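Fit the two chains together into the complex; they arrive one by one in their own frames, and the hints show the way.
One-letter residues, chain by chain:
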Amino acid sequence: MITAERKPIQEIMNLVSPYKNLLLVGCNECVTVCSAGGRKEVALLSSALQVAFMKSGRIVHIQEMTLERQCDPEYIEQLVPHIDSVDAVLSLACGCGVQEIARRFKEKMVFPGVNTKFMGASERPGVWAERCQGCGDCLLGVTGGICPIARCSKRLQNGPCGGSSKGKCEIGPDVDCAWQLIWDRLKALGLQERYETLLPAKNWRNGRGGGPRKIVREDLM
Amino acid sequence: MEDFEPVIVAFCCHYCAYTAADMAGSLRLCYPPNVKIIRVPCSGKVDTIHLMQAIKGGADGVYVAGCLEGDCHFKSGNAKAARRVVYAKRLLNDVGIEPERIEMIMMSAGMGERFAATAEEFTAKIRGMGPNPVKLMRATAIRDPHNVSPAHKESAAV
Ligand code: SF4
Ligand code: SF4
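Listed in order, the protein sequences are those of chains A and B. In the working numbering, each residue carries its 1-based index in the first sequence increased by 4. In the working numbering, each residue carries its 1-based index in the second sequence increased by 27.
These are computed hints drawn from the structure, not numbers from a lab. Treat the numbers as computed from the prediction; the structure is a model and nothing was measured. By construction, the Cβ of each residue, glycine as well, lies at the ideal position given by its N, Cα and C atoms. Don't take each hint at face value.
With a straight-line cut-off of 25 Å between C-alpha atoms, the simulated PhoX-like cross-links for lysine-lysine are [what the hints assert, rightly or not]: (1) A/K44 with B/K83; (2) B/K107 with A/K11; (3) B/K162 with A/K24; (4) A/K158 with A/K206; (5) B/K72 with B/K116; (6) A/K112 with A/K24; (7) A/K44 with B/K72; (8) A/K59 with B/K162; (9) B/K162 with A/K44; (10) B/K116 with A/K44; (11) A/K44 with B/K107; (12) A/K59 with B/K152; (13) B/K83 with B/K72.
Listing some non-contacts, in silico: residues in chain B with all C-beta distances to chain A over 10 Å [what the hints assert, rightly or not]: (14) D49; (15) P59; (16) D74; (17) T75; (18) G97; (19) D98; (20) K102; (21) E127; (22) G137; (23) R141; (24) G155; (25) G157; (26) M164.
Okay, the calculated bits of chain A under chain B, using three or more residues with CB under 8 Å as the criterion [to be verified]: (27) 8 to 21; (28) 42 to 48; (29) 56 to 63.
Just chain B, with the same shape it has in the complex (with noise of 0.2 Å):
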């Protein structure tokens, strides 16, 4: 677990987060490779099902990075998928999936520092939450495709 390197999705708004992250490219600033950004046209795109097949798919932790409050291109996209967030959180919850995977932030296109210690500092907390359990199934499953694991083999039944 030492060596563990979380995969991290990160869904930037075109207008801010994803200009910040250029911005702090500009700057030369360092954050973890382990960011993969998806950019798109508005923080409001994003799904509660794009941020569950994200966790699905096996991303450790997965962030929205939207505008500033009050200042989204495109009016209230950024509260909008602040609620999606808020109930993807609850989902995960009920599936015992810790809901701290998944997190709003919100930034203006000039916080290119704000982008990388973001970076930074959401890594470092799923670093120390450890891997996503689905990620480790899938794992499992990859090796053995008629994968039950033999603790729960009675239950699988029918």
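Extracted from the complex, chain A is given alone in its bound form (with noise of 0.2 Å):
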């Protein structure tokens, strides 16, 4: 999932204080898995938000909405019949919602409730981590299941470096080397003749290093 955190109070509050109403607007996907932006944090926020304009002596009408998807055209849509009654939305999507909003409504200004992180997993109830970085050419296959890209500090692809140790990386304690575990992994699979064959450079042009990626896909247009 694409994880994200709620911005702290008061700077949402600089972001919206010049509007007396606000169009709050959740999503149902990713945030709402990883408890930043779902129905639920809507109106958290949306109640935090109303007793912080209260105690400074002002009236903030909030209107809460929570959208299958922010990322997908026909869901934004929804927004319409809404739109004109406030003066500026507040999401608490992803990036790609938030600029889907800003994309369908130019007039009308949005503001990001949330950072967007990183696209990962949940490890427990209450934690979330990095997993994948989006490359474009996928190198699961060979490393055992385990990311180098995200998940080495480095993004080594010949690993580990110097800096392993007791199965820690470098930067600090609690993180786990990729690398370490990518050999673990292949030693419990029995393919550490893997781990032998060194991986040739890599083509970031297939990641960002490329520019802005689009996926075009004419049987489904």
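Here it is in structure tokens:
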């Protein structure tokens, strides 16, 4: 999923303080799963903001809505009946959702209420960790299902580096060394010989190095 | 302000605090009528949103009363509630409201006296803190629905 974290309340207040009528829009997908921008977080932020504004002597009207997905134009259309009655939109979706709203409603200011973080997985309740950087040329098939791009601090393709110690990465005692994980996994799979094969230099143009990317599927057009 | 009587919302777990409230009743113990009890099946049912909505709605103080540590009927509901109370306190702090307006309290079903004493102490504490600032604003808003207090009129433009 795409993970996100709510921005500090004060920052959000600074963003929206010139407005009196806000549309606070959540998204039912990734940000719901990582508890940053679903229906519940919309309600929570709405009450927190209203309390904060009332405390400073203002009433701000906040309409709450949570779309099935904010990164799909058909769902964004559901905002049409509400958009004229508000001064600005505060979105709790990832950056994709915020931009879709901005693209659809050219005359309306839209603000992000969360910081979009990374593509990750839930390790246990309340903990999410980075797992993929969308490099565009997946290596998991040769690294035993553990991503060296997202999980090795140096994105080494042939690790580990000299900083790997007792299974941990040199950047911090809480960070697993991805290459230790890869080695352990290959060993468990009986595929140690794979480790001997050097991976060639990666073509970073498949990732962000090649500029903004697009997927085009003519069969679906 | 002298005649200020706080409104307190108490989310009480069915298996302990609510039963303790019953017990307080049977023992004919007095506790302040300020405390409005909401019975929940487990304190773990109480979410941060309920706490925040209570404050937004004008409650001067809110507490969650769950079972004693390790005694939750559903294993860990009280521990979860305690963590949500901490989160709600942090949120209150972020929006400039005293975090002490929300508390977690633990007691067993047999603690009728503790229930009454807690209600008494919490009400006294909140009485000392004065009204929830939101309540004052709500009252103004009801008088003037287009409310924007004069001091803030300019900042509320658009
Ligand atoms: S190798 Fe690339 S696509 Fe595969 S998980 Fe890692 S970053 Fe993602
Ligand atoms: S210690 Fe391991 S994870 Fe950290 S940079 Fe070196 S190889 Fe990568």
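Results of checking the hints against the structure:
no., hint, in the structure
1, A/K44 with B/K83, "holds (15 Å)"
2, B/K107 with A/K11, "holds (23 Å)"
3, B/K162 with A/K24, "holds (19 Å)"
4, A/K158 with A/K206, "holds (13 Å)"
5, B/K72 with B/K116, "holds (17 Å)"
6, A/K112 with A/K24, "holds (14 Å)"
7, A/K44 with B/K72, "holds (14 Å)"
8, A/K59 with B/K162, "holds (9 Å)"
9, B/K162 with A/K44, "holds (23 Å)"
10, B/K116 with A/K44, "holds (17 Å)"
11, A/K44 with B/K107, "holds (17 Å)"
12, A/K59 with B/K152, "holds (20 Å)"
13, B/K83 with B/K72, "holds (19 Å)"
14, D49, "holds (31 Å)"
15, P59, "holds (24 Å)"
16, D74, "violated (7 Å)"
17, T75, "violated (6 Å)"
18, G97, "holds (20 Å)"
19, D98, "holds (22 Å)"
20, K102, "holds (14 Å)"
21, E127, "holds (15 Å)"
22, G137, "holds (32 Å)"
23, R141, "holds (30 Å)"
24, G155, "holds (19 Å)"
25, G157, "holds (13 Å)"
26, M164, "violated (4 Å)"
27, 8 to 21, "holds (count 4)"
28, 42 to 48, "holds (count 3)"
29, 56 to 63, "holds (count 7)"
Violated hints for the displayed structure, listed by number in ascending order: 16, 17 and 26.
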